[in-house]
Each structure stands twice: as structure tokens, then as C-alpha cells.
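Protein chains in written order, with the UniProt record's numbering: chain G, 1 to 368; chain P, 1 to 368.
Be a bit skeptical, because a hint or two may be false.
Any copy, or any two copies together, can satisfy a pair, since identical chains are not distinguished.
As the list claims (entries may be wrong) - Taking lysine to aspartate or glutamate and the EDC-like style, the derived pairs with C-alpha atoms no more than 20 angstroms apart in a straight line are:
| # | residue 1 | residue 2 |
| --- | --- | --- |
| 1 | 313 | 35 |
| 2 | 313 | 265 |
| 3 | 313 | 81 |
| 4 | 313 | 33 |
| 5 | 313 | 211 |
| 6 | 313 | 288 |
These are calculated hints, taken from the structure and not from any lab test.
It should be emphasised that the depicted structure is a prediction, and the values quoted were computed from it without experimental measurement.
There are 2 protein chains.
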Amino acid sequence: MAFIERTLLGPGPSNPYPEATAGLAAPLLGHLDPEFIGILERTCERLRSLWGTANPLTLPLSGTGSIGMEAAFANTVRPGDVVVVAVNGLFGVRMCDVAARYGAEVVRVDHEWGRPVDVERVLAAHPSPAIVAAVHAETSTGVRSDIGALGAAVRARSDRTLLLADCVTSLGGMVMDADSWGVDIAYSGTQKCLGVAPGLAPFTFSERAWERRVAAPPVWYLDLDLLGAYVRGGAGGRAYHHTAPVALIASLDAALGRICDEGIDAVAERHRAAGARLQEGVQELGLELFAAEGHRLPQLTSVRVPDDVDSAKVREQLLSDYGIEIGAGAGAYAASVWRIGLMGANARLDRAELLLAALGRILGRSRV
Amino acid sequence: MAFIERTLLGPGPSNPYPEATAGLAAPLLGHLDPEFIGILERTCERLRSLWGTANPLTLPLSGTGSIGMEAAFANTVRPGDVVVVAVNGLFGVRMCDVAARYGAEVVRVDHEWGRPVDVERVLAAHPSPAIVAAVHAETSTGVRSDIGALGAAVRARSDRTLLLADCVTSLGGMVMDADSWGVDIAYSGTQKCLGVAPGLAPFTFSERAWERRVAAPPVWYLDLDLLGAYVRGGAGGRAYHHTAPVALIASLDAALGRICDEGIDAVAERHRAAGARLQEGVQELGLELFAAEGHRLPQLTSVRVPDDVDSAKVREQLLSDYGIEIGAGAGAYAASVWRIGLMGANARLDRAELLLAALGRILGRSRV
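Required output: the full structure, derived from the provided sequences and hints.
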């Protein structure tokens with residue numbers, strides 16, 4: 001079997017940490033093996049640490065990042081519940097779709113794509129929603145929103161509203177403090193800043209959310225009562241729910257070990273420095289950044305494609321000539337934006353310089 | 001990192017094929033990379049071949065085996081639909097739970113655990129159900145049911161009823177002919193006879209089922225319209241739905257390549273021979289088999305625990321002294337049955353002899 005090597009600088013997956021690959025290929029353990037249960041418990045504890053939460057119900061769900069969004073709404077929305085969704089990109093749009101499937105009365109607060117969430121507008125959208133939902137790091141635009149400010153505003157008004165945050169592209173790449181931000185429900189994906197192959201959705205659920213959860217939600221696979229009985233155990237021990245994806249969890253555990261050893265502050269600084277250099281270099285090439293200044297994610301840079309350039313052709317040439325993958329834009333920006341990720345193991349200056357050099361060659365532009 | 005090696009002879013996961021492990025650790029590709037799309041298409045084609053189906057909608061779902069069951073009901077059940085479920089073990093019970101969450105009027109046909117599904121009783125349960133569901137290989141008891149006979153009977157009566165078959169523990173270990181059996185919807189898991197780590201649910205859906213699918217089902221993640229747009233593509237190319245678990249799919253592809261090279265007839269014969277030897281040897285040790293004679297799965301052997309033996313203690317000793325995992329019984333049989341799997345890469349005579357030797361030593365029984 002001939003392997004093909006890629007440098008994955010799109011919006012995810014990114015190249016895994018070497019520790020994650022070693023964990024993935026390690027001898028397989030059974031999902032009820034005491035050794036595996038130890039790995040699972042450590043994984044949950046490390047996820048709590050990265051998120052800055054004490055939530056007992058913090059675990060990797062058995063699906064890709066999107067299943068985290070599904071689990072969030074499936075376990076909290078009752079038909080007729082008002083859910084305010086801050087939409088400033090594709091994943092906000094998706095939240096509206098998912099929440100509506102569970103019967104939510106969705107109040108959608110649209111923002112211009114590329115701009116962060118406006119806390120005042122979100123708050124003004126409805127006086128007493130059951131849930132306020134927003135995306136921390138919009139993978140579709142490269143924009144960071146201030147979840148702490150949103151949480152403080154929501155909490156100041158009422159204790160009845162749950163705050164839901166999409167952290168797919170932030171967890172493992174930024175310092176987070178979910179509990180003091182007032183986040184009740186959050187999820188992520190392994191294939192972005194966590195530096196693991198796709199297939200798991202880290203998930204956390206506060207005690208406040210637990211008290212108001214939906215009993216026997218429509219989706220058996222994501223029923224938190226049943227999942228909790230396996231992950232947390234109980235008086236009668238751990239109850240089998242479904243076979244956990246043991247290899248992916250061992251891989252996530254290994255990557256989290258690497259991140260914790262390096263220290264989340266150092267990892268975040270590594271993401272910041274690599275992203276800053278990339279964004280500087282992109283502008284040196286005479287290209288324009290898409291996301292609003294002051295709200296740009298270092299781990300995901302969105303670039304406006306010049307009018308005279310064929311967006312897809314450049315991506316194809318990066319892939320064929322240099323083995324580098326970058327992403328198209330999302331939605332209406334498919335042909336007019338590129339998305340470049342420097343996430344997890346790829347949050348490095350050499351990756352930034354490599355991409356700038358290859359892109360400069362293809363565009364026939366030198367840095368000014 | 002010190003690795004722990006286990007011989008996984010429980011009801012799954014089993015030790016992966018070496019080809020599957022190599023595929024899992026291969027350099028990661030993006031989910032939209034043309035090279036990966038080639039791997040995905042080949043995987044779907046090989047799944048069709050193993051299942052004996054021409055269904056265009058045949059794909060690995062992004063979750064463990066149970067998500068296949070969820071997708072099956074989520075995309076076919078409308079509130080009030082009559083679903084007849086043949087229950088002869090834990091997974092039949094689970095089908096009733098899952099179908100009911102989507103609003104099905106469940107007609108449950110209970111069988112004694114350890115016995116195969118009785119086609120006449122299932123047929124007599126309701127004159128015109130929307131769906132008849134049964135488990136091909138009951139992982140909880142080690143029993144095979146005749147899905148071909150059930151399909152013929154269902155089809156002979158009406159063209160309006162869909163046949164749903166749980167193939168979690170059969171696909172990759174037995175010769176199957178889903179299309180001529182009349183199966184409309186089937187799912188499996190990768191961690192049993194397919195010899196891959198857990199995390200994917202192979203799934204197939206007939207054109208007849210497609211015509212009667214639920215539009216915009218409650219579960220966004222499992223919406224076959226959206227999944228199909230990525231897996232099958234369309235006039236506008238492939239639409240992104242969620243990030244496919246690329247490493248697991250590459251691993252499944254490698255295992256399927258191995259199975260197809262060996263030939264499914266030869267693979268099935270390997271399972272048959274290993275299971276036959278194990279079941280013979282277990283009886284030589286003076287132990288009794290649980291599943292009804294003539295309906296025993298070779299890949300999963302259920303054994304009655306002798307009255308004077310502590311079931312859990314024996315399993316613990318197998319694990320600690322020999323690194324061998326076997327399973328407890330399911331449900332009410334937790335303490336009175338052992339489940340021993342010889343699946344996928346473990347469907348070998350040496351594994352059967354190893355288990356018999358270790359079990360004989362622990363029980364202090366020699367073969368007679």
C-alpha cells in the first residue's frame with residue numbers, strides 16, 4: 001500500500017499529533033476493560049481541564065463534531081421552547097436547522113458573515129429564551145466571538161436560560177474558562193486544534209442543564225441518561241450502552257496528554273504566533289483577510305480570493321504540486337474565500353512559511 | 001507509553017486485522033480530498049459486495065454499530081407506523097426502544113432467548129406492518145436467525161412492508177445475500193467480523209426504502225438526504241455534511257480489501273471452522289452451550305456457566321493471567337452465560353485452542 005502524505009491546512013481535519021497517531025494504532029482494548037476505563041476517565045478529566053469546567057458530565061461522544069450539536073439540542077429542547085441562535089456563519093445556520101428538528105421555536109439573529117456575535121442584539125431578540133446558542137470560533141469565517149461576554153449578559157438577566165457554545169474549532173487551541181463564562185452546554189471535534197483524527201465529539205453538560213434535560217430524548221444513541229450510566233458509572237457499576245470507539249479515545253487521550261504536557265497556555269501561544277505570522281504574510285502577498293480585524297482566529301484564517309484568480313484552481317495546484325490542502329469558503333463564499341487552518345500539530349511557524357511560499361509561487365506574487 | 005496487549009475474544013471489539021491497523025495509522029487525508037473520495041467509493045462498493053446488494057445508498061455511518069439502528073428507524077418511522085419487532089435477545093429489545101422513540105406503534109414478538117426467530121409468529125403478529133425488524137446474528141445470545149426465510153414470507157404477503165435486519169455480528173463473517181433475501185434496510189458494526197476498531201456503522205438502504213423514507217427526519221446527523229449528497233454526490237458535486245471519520249474509513253477499506261482478497265467464502269469457512277472447534281472443545285470440557293443447536297453462530301459462542309463457578313472471577317482471571325477478554329452474558333444472563341467471540345482476525349483455530357486451554361486450566365477441568 002503506497003501512502004499519500006498531505007499537509008492538511010484546511011478547516012480540518014488537520015494532521016494529528018504524532019502522539020495521537022501512536023495512540024490510534026496501539027493494541028486495541030475492550031470498552032469494558034479496566035485499563036480502557038482508566039484511559040476514558042483520564043480523557044474526561046483532561047477535557048474538563050481544557051474547557052475550564054468541573055462538569056461531571058464531560059465526555060467524548062461517539063461521532064464527529066456535528067454529533068455534539070445534535071446531542072446538545074436533542075437533550076435540551078422540548079417542542080415549543082424558544083431557542084435564540086446567533087448566526088454569523090454556516091454553523092449558526094446549522095444550529096437553527098438542528099434545533100428546529102426538535103421542535104424549537106427558533107429566533108435567529110443574523111449577523112454579517114465575518115463579524116463577531118453582537119451580545120446586545122442577541123439579548124434583545126427575546127426576553128426569556130430557554131436556550132441562547134452561539135459559535136465560539138466560526139469555522140466557516142475564521143471569526144472569534146466573545147462567549148464570556150455573552151454568558152455574563154445572559155446570566156445577569158436570568159438564571160432560567162441555558163447557554164450553548166459551539167467550540168468545534170476552539171477547544172485545544174485557545175485558553176477557555178467555560179464555567180466562569182457561564183457556559184452550560186458545549187461541544188467540540190477532535191480533528192481541529194485537538195490534533196486527532198475525526199470521529200469524536202468532546203461534550204460537556206452542566207448540572208443546571210442536567211436538571212432541565214429532556215427525559216428519554218428522541219435519539220436513543222445520544223440519550224445522556226444512558227451515556228452517563230456508562231461513562232460515569234453508578235451504584236451498580238457501568239452499564240453498557242454502545243461500544244465506545246476505543247481506538248479514537250486512546251488517540252484523543254494521547255493528544256490531550258501531549259497538550260497538557262506542553263501546557264495549554266503554551267499551546268495557545270503557539271497557535272497565536274503561527275496564525276499571526278500567516279495573517280501578516282498573507283497581507284504581504286497583497287491579499288485581503290476576510291474576518292473583521294480584532295476578531296480573527298489565529299487557528300483559522302479566511303482570505304479573500306482576488307477577483308482575477310480561479311479559487312478552485314489554486315487549491316488544486318496546492319494539492320497536486322505541494323501536497324497542501326486548504327479549504328474553499330463556506331456557503332455563498334465558496335469561490336471567493338479560502339480558509340487556511342494552522343491547528344493542533346500544524347500550529348507552527350514552518351507551516352505558515354510553507355503555505356505562504358507555495359501560495360506566492362502559484363499566484364506569481366512576491367511579498368512586499 | 002507502555003502498551004497492553006489483549007486477545008479480544010468477547011462479543012466485540014475483536015483484534016483488528018493487521019491491514020486495518022495499518023490503514024488506521026496511515027497519513028491522514030482530508031474528507032474532500034480526491035484520493036479519500038476514491039477510498040470511500042471503494043469502501044462502499046466492497047460493502048455492497050459483502051452484503052450481496054446493489055443498493056446505491058450503501059455507506060459507513062459515522063458512529064458505532066448502534067447508530068446504524070438509530071439511522072434505520074429515524075429515516076423510516078412516522079408516528080403511528082406499525083413496526084413488528086422479533087425479539088430473541090438484547091438487540092431486539094433495543095430495537096423496540098429505538099422505534100418507539102420515533103413514534104412507532106411497536107408490536108413486539110418475544111421469543112425465548114437462545115432460540116431463533118419464528119417466521120410464522122412474526123408474520124402472524126400484524127397483517128400489514130410498515131416494517132418488520134429482526135436480528136440476523138444476536139450478539140447477546142449467539143443465535144442465528146434465517147433472514148432469507150423471513151424476507152421471503154414478508155415479501156410473499158405484501159410489497160408494502162419493509163424488512164430491516166440487524167447485521168452487526170454477521171457482516172464480514174458469513175456469506176450474505178441481502179437483495180435476494182428481500183432485505184430493505186441493514187446495518188452492521190466494524191468491531192466484530194469486519195476486524196476493524198469500533199466507530200463506524202456500515203449501512204445499506206434499498207430503493208424501495210428510499211421511496212418511502214421520512215423527509216427531514218428528527219435527527220439531522222443521520223438525515224439520509226444530506227448524507228447521500230456527500231457520499232453519492234450529485235449534479236453539483238459532493239455537498240459537505242459532516243467531516244467523515246477518514247482514518248476509520250481508511251481502516252475499514254483496508255480490512256475489506258483483505259477480506260475480498262481472501263474471498264468471503266474462505267473467510268466464512270474460517271469463521272465456521274474456528275467456531276466449530278471452539279464449540280466442540282467447550283463441550284469436551286463438560287460445559288453446556290446456551291444457543292439452540294442448529295442455530296449457533298460460529299463467530300459468537302454462548303456458554304452456560306456451571307452453577308458452582310463464579311462467572312466474573314473466571315473472566316477476571318482470564319484477563320489478568322492470560323490477557324484474554326471474554327464477555328459476560330447479556331441482560332438476565334449476565335452471571336450465568338459467557339460469550340466468546342472468534343471474529344474477523346480472531347477467527348482462527350489457534351485462538352480457539354488458546355481459549356480452551358486457558359479456560360480448562362482456570363476451571364481445573366481437562367477435556368474428556
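Status of each hint after checking the structure:
1. 313 x 35: Between copies, since 17 angstroms is at most 20 angstroms while 49 angstroms is not.
2. 313 x 265: neither (38 angstroms within a copy, 46 angstroms between copies)
3. 313 x 81: Answer is neither: 46 angstroms inside a copy and 50 angstroms across each miss the 20 angstroms cutoff.
4. 313 x 33: between (50 angstroms within a copy, 14 angstroms between copies)
5. 313 x 211: Classified as neither; 52 angstroms inside a copy, 38 angstroms across copies.
6. 313 x 288: The answer is within: 19 angstroms in one copy meets 20 angstroms, while 66 angstroms across copies does not.
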